[in-house]
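Novice: Letter by letter, the chains look like this.
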Amino acid sequence: MNCLQVLSKRIFFVLLASITFWFPASASDHPVAEEKTAHEEFIPGEFIIDHIKDSHDWHILTKKNGEHVSVYLPVILYSQNSGLNFFMSGKLAHGHSYLGFAYSEETGKIVEMNEAGETIGTPLDFSITKTVAGMMLAAVVILFLFLRMGNSYNKTKNIVPKGFNGFLEPMIVFIRDEIAIPNIGHHKYERFMPYLLTAFFFILVNNIMGLIPFFPFGANVTGNIAVTMVLALITFVITQVSGTKDHWKHVFATPGVPVWLAPIMIPVELIGLFSKPFALMIRLFANITAGHIVVLSLVSLIFIFKALWVSSVSIPMVLFIDVLEILVAFLQAYVFTLLSALFIGLAAKEHHHA
Amino acid sequence: MDLVTPGIGLIFWTTFIFFLLLIILRVFAWKPILNAVKNREASIKSALDSAEKAKDDMKKLQSKNEEILQKAKQEREALMKEAREVKDRIINEAKEKAQQEAAKLIESARLNIRNEKTAAIAEIKAQVAILSVEIAEKILREKLTQSKEQDALISRLLDDVKIN
Chain Z
141 MNCLQVLSKR IFFVLLASIT FWFPASASDH PVAEEKTAHE EFIPGEFIID HIKDSHDWHI
201 LTKKNGEHVS VYLPVILYSQ NSGLNFFMSG KLAHGHSYLG FAYSEETGKI VEMNEAGETI
261 GTPLDFSITK TVAGMMLAAV VILFLFLRMG NSYNKTKNIV PKGFNGFLEP MIVFIRDEIA
321 IPNIGHHKYE RFMPYLLTAF FFILVNNIMG LIPFFPFGAN VTGNIAVTMV LALITFVITQ
381 VSGTKDHWKH VFATPGVPVW LAPIMIPVEL IGLFSKPFAL MIRLFANITA GHIVVLSLVS
441 LIFIFKALWV SSVSIPMVLF IDVLEILVAF LQAYVFTLLS ALFIGLAAKE HHHA
Chain W
15 MDLVTPGIGL IFWTTFIFFL LLIILRVFAW KPILNAVKNR EASIKSALDS AEKAKDDMKK
75 LQSKNEEILQ KAKQEREALM KEAREVKDRI INEAKEKAQQ EAAKLIESAR LNIRNEKTAA
135 IAEIKAQVAI LSVEIAEKIL REKLTQSKEQ DALISRLLDD VKIN
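Chains as they are written, first to last, in the numbering used here: chain Z, 141 to 494; chain W, 15 to 178.
These aren't lab readings, by the way, just hints derived from the structure by calculation. Take these hints with a grain of salt, some might be off.
DSS-like, lysine-lysine: derived pairs with alpha carbons at most 27 Å apart [what the hints assert, rightly or not]: (1) Lys295(Z) <-> Lys95(W); (2) Lys52(W) <-> Lys295(Z); (3) Lys74(W) <-> Lys302(Z); (4) Lys489(Z) <-> Lys416(Z); (5) Lys45(W) <-> Lys59(W); (6) Lys52(W) <-> Lys489(Z); (7) Lys489(Z) <-> Lys328(Z); (8) Lys328(Z) <-> Lys52(W); (9) Lys162(W) <-> Lys152(W); (10) Lys95(W) <-> Lys109(W); (11) Lys489(Z) <-> Lys45(W); (12) Lys85(W) <-> Lys95(W); (13) Lys328(Z) <-> Lys109(W); (14) Lys59(W) <-> Lys295(Z); (15) Lys74(W) <-> Lys95(W); (16) Lys59(W) <-> Lys328(Z); (17) Lys59(W) <-> Lys302(Z); (18) Lys152(W) <-> Lys302(Z).
Quick caveat, the model's predicted, so the values are computed rather than measured.
With the hints as constraints, model all of the structure from the sequences given.
Specialist: Structure, rendered in structure tokens:
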């Protein structure tokens, strides 16, 4: 047990260290303020999309004189011309180019240029972006919570859950008793529990951390299509891998359907296979993104009207939506886990056709 | 459009972080937690079962006790009844014996009395005979010339003296 504790502590510190590692490139090192922003017209659409989208630095606040305070994050690029490149995103701030890389003016993505300033290619961007950083922080939180919990459960037999574990355990038991067992069945559910639990808490913690508006929270992780795509793909792969003979028979020779209908049925069934994870991906992405957009729009109202009294209307509204979003955070984590279990259960169950 | 275009970097990092989480949590969190929950449930179930069993046993024991008590009561009653019977019998026997004894005593007393009486009568008879002889002697002394009629008279008289 001791080595486990040491391991969990080590992981914690490594991740903690990697967070602090991002800090050196804070904006105070780059006092080049963009004077024009102070008098710039407030464009709510831009402001909202800026938040929703991923970025290479983590914007914390904009000072009164228009100076941005941001945390610069590591940029990792792989280009066919120059191989692997690693530098802090501060090097690219304010339209600067570094090692031939710069933000493209049209797409905002990092592009590679030659000496003449011509674009010669788009490198593969493996940067620790704001979303990745937020996700890592969520991972640290999850590891901290559950390694501690697992450790204490490992130590004593017949432990009575204490403190925060008493809050987490009912959720774990809920996922087992209300999601996994009813949908997958008594005999097979245990194999899928690690995935369902990890997915649930990964989504939940990211959802909740996304609702906290201060640094280092507020990253729109689960409202990012790439993140939800990966999660949905994992569910898809697990579903297909654990599919029984019946599952495949259902796809390629649906029982009770005449053979001459196969040219129609097989494509329909195949579309069915892919539409399930697709729905998973879109549902989580849209729900979380929509929540962020609604909250930010309501906050933007104050700046659109440039009047303080608007806040007396929009702040209660934001509060209401935020509370609603807490519900949505739990609900979407639940729905994703439930549907994953359902899809896995449908594929893994032995059907008995009359 | 940018919003719904998944970036390669994020796909990579999400996959990496998620699988790292999955692997670490699977070994160090989910396994011990789920096992502990399972064990606890099993122990609660067994505790409930044993409590139920204890309750049943208690009930059985109680009914057994009741039975034993009932039996003891019956036995006591039977014993009392028997004792009463024995008592009655002893008393009756004693009474009978006493009566018999008394009867025997009375009988022997009566026999004694009769014997005494017979003896007494015989004695009286003897005395009377002696007296008679004496009388006769006296008479004879006075009247030696007495006739046979006089002797007959004497014997008749003597017979009359016989009691009974």
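Novice: Quickly compare the C-alpha distance for Lys85(W) and Lys95(W) to 27 Å and report which way the hint goes.
Specialist: With a Cα-Cα distance of about 15 Å, the restraint between Lys85(W) and Lys95(W) holds, given a limit of 27 Å.
Novice: Decide if the proposed pair is consistent with the structure: Lys328(Z) and Lys52(W), CA atoms, cutoff 27 Å inclusive.
Specialist: holds, 16 Å
Novice: What's the verdict on Lys489(Z) and Lys416(Z), does the C-alpha distance respect the 27 Å limit or exceed it?
Specialist: Answer holds: Lys489(Z) to Lys416(Z) is near 17 Å, not above 27 Å.
Novice: Check the hint pairing Lys59(W) with Lys328(Z) against an upper bound of 27 Å on the C-alpha distance.
Specialist: Distance of about 22 Å is within 27 Å: holds.
Novice: Please work out if Lys52(W) and Lys295(Z) have their alpha carbons no farther apart than 27 Å.
Specialist: Satisfied, since the Cα-Cα distance of roughly 15 Å is no more than 27 Å.
Novice: For the pair we were handed, Lys59(W) and Lys302(Z), check the Cα-Cα distance against 27 Å.
Specialist: Answer holds: Lys59(W) to Lys302(Z) is near 21 Å, not above 27 Å.
Novice: Is Lys489(Z) close enough to Lys328(Z), meaning Cα to Cα at most 27 Å?
Specialist: Answer holds: Lys489(Z) to Lys328(Z) is near 9 Å, not above 27 Å.
Novice: Hinted pair, alpha-carbon criterion (27 Å max): Lys152(W), Lys302(Z). Please report holds or violated.
Specialist: This hinted pair is violated, its Cα atoms lying about 148 Å apart.
Novice: Are the Cα positions of Lys45(W) and Lys59(W) separated by 27 Å at most?
Specialist: holds, 21 Å
Novice: Verify the proposed pairing of Lys328(Z) with Lys109(W), using a straight-line Cα cut of 27 Å.
Specialist: Cα-Cα ~93 Å, so violated.
Novice: For the pair we were handed, Lys162(W) and Lys152(W), check the Cα-Cα distance against 27 Å.
Specialist: holds, 17 Å
Novice: Do the alpha carbons of Lys95(W) and Lys109(W) lie within 27 Å of each other, as the hint requires?
Specialist: Roughly 21 Å separates the two Cα atoms, so the pair holds.
Of the numbered hints given earlier, the model fails hints 1, 3, 13, 15, 18; all others are met.
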